[in-house]
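Residue numbers (the working numbering), protein chains in the order written: chain H, 1 to 84; chain C, 1 to 397.
Just so you know, not all the hints are guaranteed correct.
From the derived model, a few chain H residues whose C-beta atoms are all more than 12 Å from chain C [claimed, not checked]:
no., residue
1, 8
2, 12
3, 25
4, 67
5, 78
Derived EDC-like pairs (lysine to aspartate or glutamate); straight-line CA-CA distance at most 20 Å [claimed, not checked]:
no., chain 1, residue 1, chain 2, residue 2
6, C, 201, C, 161
7, H, 43, C, 346
8, C, 201, C, 234
9, H, 43, C, 332
10, C, 198, C, 227
11, C, 363, H, 40
12, H, 43, C, 158
13, H, 11, H, 56
14, C, 164, H, 30
15, C, 155, H, 75
16, C, 299, C, 189
17, H, 81, H, 66
18, C, 313, C, 189
19, H, 43, C, 142
20, C, 198, C, 163
21, C, 164, H, 50
22, C, 15, H, 40
23, C, 164, H, 40
24, C, 155, H, 56
25, C, 155, C, 189
26, C, 198, C, 158
27, C, 293, C, 94
28, C, 155, H, 66
29, H, 43, C, 361
30, C, 155, H, 50
31, C, 6, H, 40
32, H, 43, H, 72
33, C, 155, C, 195
34, H, 43, H, 53
35, C, 388, C, 332
36, C, 6, H, 66
Don't read these hints as lab results, they were simulated from the structure.
Think of the CB as a built atom: it goes at the ideal place given N, C-alpha and C, for glycine as much as any other residue.
Here is what each chain is made of, one letter per residue.
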Amino acid sequence: MSESNYDEIMKLLCDRLSGLSNSSIQITPETNIISQLSIDSIKLLNLIMEIEDTFDVSIPINALTDVQTVRELADLVYKIKSAS
Amino acid sequence: MNLLEKLDASAAARKALLPDGVGAFGIPIEEVYSATEARIGDRRVLLLGTNNYLGLTFAPECIRAAHEAIDKEGTGTTGSRMANGSYFGHRSLEREFADFYQCDSAIVFTTGYQANLGTISGLVGPGDTVLIDGDSHASIYDGCVLSGADIIRFKHNDMVDMEKRLRRLGNRVETTLIIAEGIYSMLGDQAPLTDIVKLKKAYGCILLLDEAHSLGVLGETGQGLVETTGLLKEVDFITGTFSKSLCSIGGFCVSNHPQLEQLRYVSHPYIFTASPSPATIASTRAALELLRKGSHLRKQLWQNCTQLYTRLKEGGYLLGPHPGPVIAAIVDTPRQALLLWQNLLEHNIYVNLILPPAAPEGKSLVRCSVNAAHTPEQIKYVGDTFCKLHSLLCTAS
Numbered sequence: 001m002s003e004s005n006y007d008e009i010m011k012l013l014c015d016r017l018s019g020l021s022n023s024s025i026q027i028t029p030e031t032n033i034i035s036q037l038s039i040d041s042i043k044l045l046n047l048i049m050e051i052e053d054t055f056d057v058s059i060p061i062n063a064l065t066d067v068q069t070v071r072e073l074a075d076l077v078y079k080i081k082s083a084s
Numbered sequence: 001m002n003l004l005e006k007l008d009a010s011a012a013a014r015k016a017l018l019p020d021g022v023g024a025f026g027i028p029i030e031e032v033y034s035a036t037e038a039r040i041g042d043r044r045v046l047l048l049g050t051n052n053y054l055g056l057t058f059a060p061e062c063i064r065a066a067h068e069a070i071d072k073e074g075t076g077t078t079g080s081r082m083a084n085g086s087y088f089g090h091r092s093l094e095r096e097f098a099d100f101y102q103c104d105s106a107i108v109f110t111t112g113y114q115a116n117l118g119t120i121s122g123l124v125g126p127g128d129t130v131l132i133d134g135d136s137h138a139s140i141y142d143g144c145v146l147s148g149a150d151i152i153r154f155k156h157n158d159m160v161d162m163e164k165r166l167r168r169l170g171n172r173v174e175t176t177l178i179i180a181e182g183i184y185s186m187l188g189d190q191a192p193l194t195d196i197v198k199l200k201k202a203y204g205c206i207l208l209l210d211e212a213h214s215l216g217v218l219g220e221t222g223q224g225l226v227e228t229t230g231l232l233k234e235v236d237f238i239t240g241t242f243s244k245s246l247c248s249i250g251g252f253c254v255s256n257h258p259q260l261e262q263l264r265y266v267s268h269p270y271i272f273t274a275s276p277s278p279a280t281i282a283s284t285r286a287a288l289e290l291l292r293k294g295s296h297l298r299k300q301l302w303q304n305c306t307q308l309y310t311r312l313k314e315g316g317y318l319l320g321p322h323p324g325p326v327i328a329a330i331v332d333t334p335r336q337a338l339l340l341w342q343n344l345l346e347h348n349i350y351v352n353l354i355l356p357p358a359a360p361e362g363k364s365l366v367r368c369s370v371n372a373a374h375t376p377e378q379i380k381y382v383g384d385t386f387c388k389l390h391s392l393l394c395t396a397s
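Isolated chain C (complex conformation) (with noise of 0.2 Å):
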């Protein structure tokens, strides 16, 4: 088989499962019109396939902070910090994410992908070790196979299997670096933190958080999953996004580990890329500033995922363990995931459709991520409507 056969073997095992004309990835999108709605073919749908937590995508401060920062200062920087420089907002937004989480360190990344793939492949290299979550995003697997080191999974939010997995690397804990997340985007559930600091503690190991999705969400000020535990000081290492909570592009690493400034010069996805645009940085620094005092978005996002969560359970949606801004309904079948999938797109409704091996434990999921800018009326009608739905389960098994 050669190269583009390969392709075509792919290209094929993907329209077994989504015959052509399903657009379930990558739809496109003809107008945005909030934060909520937007246009896909000729519907008027409620978006509930962002990320876009806090509902901040049209804030017309991080709006007008982008428009001020393209006109000061060019639609983009042309090149890496590296070679370039570092500009005012580069250096502030660092500043910021630093003192948000009481660091001495932070470095700021091009993307999310690349906070992740640049901060593990600088930590750890060939004959060291990473301990990961099975249910890891791509970012920090990827970030893993760029680093050369030894990659060992442990189940999903098992501590018991961890432990045994941490045992069997004997002194090699001394170079191991322990992975989870704040919130996991399949399901929505939350590293069980407390545990992970015991063991992390116990076997002398340096752990890494990826707040991604729990950045603006968890905690008082929105620090996210290290917030709501107490244990800010215990992680050695917090990686996030600016995609979701935020409504930018870009991602970051804050730590309290003098090192941290050292990824600069060792980590390629740092070194090798174009830095974020001035308008980037400018509304991301605004959102930021809208994240840390915007404890009733959070409260409003909550009420939101709370009151979708039980009306799903209620109608015998199988769903992850905690409620949360992701909320994933479980299905046996590819197909019955995807008869869910459109039925809602056909009730105006855009949420995420997750086939294997992307979904855990061979399921396939319909996911909907909620937030702050819905309504109580449109979470009743998303809610109502997957109820309406839920005996199509039965007919495409």
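In isolation and in its complexed conformation, chain H is listed as follows (with noise of 0.2 Å):
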């Protein structure tokens, strides 16, 4: 995948978890999706089903273990979909 795919992963994370959070901070790279974002596990589950259908991709729920931030959730999506 190239960089601009990137980009659109983390474009559509953001526009997503903006949907999802009640917070009205601005979501960047480095927000922390659980602490700062107040998205509870099931909303987060949700949307990582989304994501798969987006891209047509198996995203594993325990993956998620290793995730915090919308950085790490895009990087995430990023390794799985050029995995595949």
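Got two chains here, each in a separate frame; can you build the complex from them with the hints?
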């Protein structure tokens, strides 16, 4: 995948997380998804299903244990998409 | 944030939803009078927040069996079956479950939670995949996490979505375990087992069905969804619990795969837990006998379920798609659910309050569990009271 694909993933994540969060903070790659955006676990899991469908990949939810920030989520999706 | 501060933050989030003094979770029950009534505070309440589906908690046969087991074998086994041995009761109950499901093997676990934890973590491991329904019970999620397998969710009961995810797995489907539930605990709806079995066969996966809420409830002999669908032989592993229709505590897994026996040597939730007490096993055995012969109890249960479901629907409540022993009123906000729950308690009705994220789709639930021992008059009172309180939902949006 190219750099533009990574940017596409990042933009999609920021847009969707913004829609899911009750917080008014500006979402950046360093934003902590759980502690700063207060997104509950089920909303996050549903977002993962949506990302799977958008990029036609399988993202195991146990891989999320290493994900805290938006950038880490984008890295995970990019890595899985690149390998598919 | 240190460890204790993290718990403080979690407590603050909980209290924001449920102020101190509102004992919706773990409510103190002072006395239990029967399968349908208890005392909470000074109130004699109707119990619709239990999973006592066949109403057998006070069945004389079960109580007598438990008493006799304590007299003969004492109060506990004091350790695991691996180390302390398998009592006659443990082995008998396993034979009886295998016979009930016409399967070759059965394993008894100490809790229903551990039945899923132990079966799943024994069947799959790192490098394997589990494909689970999005509304799966926490014991299924936790079993998957414990296993180290890759966990993929499909949309609740959505077979198009499930097939899409199977297709994406490619040749990994050979080491994929699909998991579904006979009746789902939140909305009381049933898995589309016929379609799941078709996909399981088409992709060559293994299928585990959790009959925790459907055991004793569905089918002529109470086997669960496998019986009403006639698909018993198509499901590879069936798990379930003793703590609902069987009115004790424990869990089981049955299968025709001889490999089930190996779980006794690889499944930590089986190996490193004290085995069920003699009284627990004895009352479960007696209850299983009553369950198998309990078509009259199922008939009464389903009359009660249909009566309450119909009344709540008429009263304007949004419910799950099927009538059944789990009937959940779906409301938009935690505040609406809390107000309804509190008012029901003030009318001497105890039900379950379920708030996000435990409830699906960000909604909140006021959930009733109906049982065969409820009288038509009790069910009428509950239905009428719900309907009387429906206007509260508008005042608390």
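Here is what the structure says about each hint:
Against the 12 Å criterion, residue 8(H) stays outside the reach of chain C, whose nearest CB is about 19 Å from its own CB. The Cβ of residue 12(H) sits about 18 Å from the closest Cβ of chain C, beyond the 12 Å cut-off, so the non-interface label holds. Interface exclusion of residue 25(H) from chain C stands, the closest Cβ pair being 17 Å apart, more than 12 Å. The claim that residue 67(H) is not at the interface with chain C holds, since no C-beta of that chain comes within 12 Å of its own (minimum 14 Å).
Listed as a non-interface residue, residue 78(H) keeps its Cβ farther than 12 Å from every Cβ of chain C; the least gap is roughly 17 Å. As the CA atoms of residue 201(C) and residue 161(C) are separated by approximately 17 Å, the hinted pair is consistent with the 20 Å bound. Our distance criterion of 20 Å between C-alpha atoms is broken by residue 43(H) and residue 346(C), whose separation comes to about 33 Å. A hinted pair counts as satisfied when its Cα atoms are at most 20 Å apart, and residue 201(C) with residue 234(C) qualifies at roughly 9 Å.
Taking the CA atoms of residue 43(H) and residue 332(C), the gap is about 16 Å. The hint holds against a cut of 20 Å. Distance check on the hinted pair: residue 198(C) and residue 227(C) sit about 17 Å apart at the alpha-carbon level, within 20 Å; holds. Between residue 363(C) and residue 40(H), the direct Cα distance comes to roughly 13 Å. Compliance with the 20 Å bound is thereby established for this hinted pair. For the hint pairing residue 43(H) with residue 158(C), the CA-to-CA distance comes to about 18 Å; that is within 20 Å, so the pair holds.
With a CA separation close to 17 Å, the supplied pair residue 11(H) and residue 56(H) stays within the 20 Å bound. Proximity of residue 164(C) to residue 30(H) is assessed by CA-CA distance (about 32 Å); at most 20 Å being required, the pair is judged violated. With a CA separation close to 24 Å, the supplied pair residue 155(C) and residue 75(H) exceeds the 20 Å bound. A threshold of 20 Å between alpha carbons decides the hint, and for residue 299(C) with residue 189(C) the separation of about 18 Å falls inside it, so the pair holds.
Restraint check for residue 81(H) and residue 66(H): satisfied, since their Cα atoms lie roughly 17 Å apart, inside the 20 Å limit. About 15 Å separates the Cα atoms of residue 313(C) and residue 189(C), which keeps this hinted pair within 20 Å; it holds. About 18 Å separates the Cα atoms of residue 43(H) and residue 142(C), which keeps this hinted pair within 20 Å; it holds. Of the pairs offered as hints, the one joining residue 198(C) and residue 163(C) holds, with about 10 Å between alpha carbons and a cut-off of 20 Å not exceeded.
Restraint check: the Cα-Cα separation between residue 164(C) and residue 50(H) comes to about 12 Å, which is no more than 20 Å; the hinted pair holds. As the CA atoms of residue 15(C) and residue 40(H) are separated by approximately 16 Å, the hinted pair is consistent with the 20 Å bound. Simply put, residue 164(C) and residue 40(H) have alpha-carbon atoms about 25 Å apart, too far for the 20 Å limit, and the pair is violated. With a C-alpha separation of about 15 Å, the suggested pairing of residue 155(C) with residue 56(H) holds against the 20 Å cut-off.
For a cut-off of 20 Å, the pair hint linking residue 155(C) to residue 189(C) stands: about 14 Å separates their Cα positions. Of the pairs offered as hints, the one joining residue 198(C) and residue 158(C) holds, with about 14 Å between alpha carbons and a cut-off of 20 Å not exceeded. Between residue 293(C) and residue 94(C) the alpha-carbon distance is near 18 Å, which keeps this suggested pair within the 20 Å criterion. Restraint check for residue 155(C) and residue 66(H): not satisfied, since their Cα atoms lie roughly 24 Å apart, outside the 20 Å limit.
A threshold of 20 Å between alpha carbons decides the hint, and for residue 43(H) with residue 361(C) the separation of about 8 Å falls inside it, so the pair holds. This hinted pair checks out: residue 155(C) and residue 50(H) have alpha carbons roughly 10 Å apart, not beyond 20 Å. As the CA atoms of residue 6(C) and residue 40(H) are separated by approximately 15 Å, the hinted pair is consistent with the 20 Å bound. Pair hint residue 43(H) plus residue 72(H) holds up; C-alpha atoms about 17 Å apart against a cutoff of 20 Å.
A threshold of 20 Å between alpha carbons decides the hint, and for residue 155(C) with residue 195(C) the separation of about 14 Å falls inside it, so the pair holds. Between residue 43(H) and residue 53(H), the direct Cα distance comes to roughly 16 Å. Compliance with the 20 Å bound is thereby established for this hinted pair. Restraint check: the Cα-Cα separation between residue 388(C) and residue 332(C) comes to about 19 Å, which is no more than 20 Å; the hinted pair holds. Annotation: proposed proximity of residue 6(C) to residue 66(H) holds, straight-line Cα distance about 18 Å (limit 20 Å).
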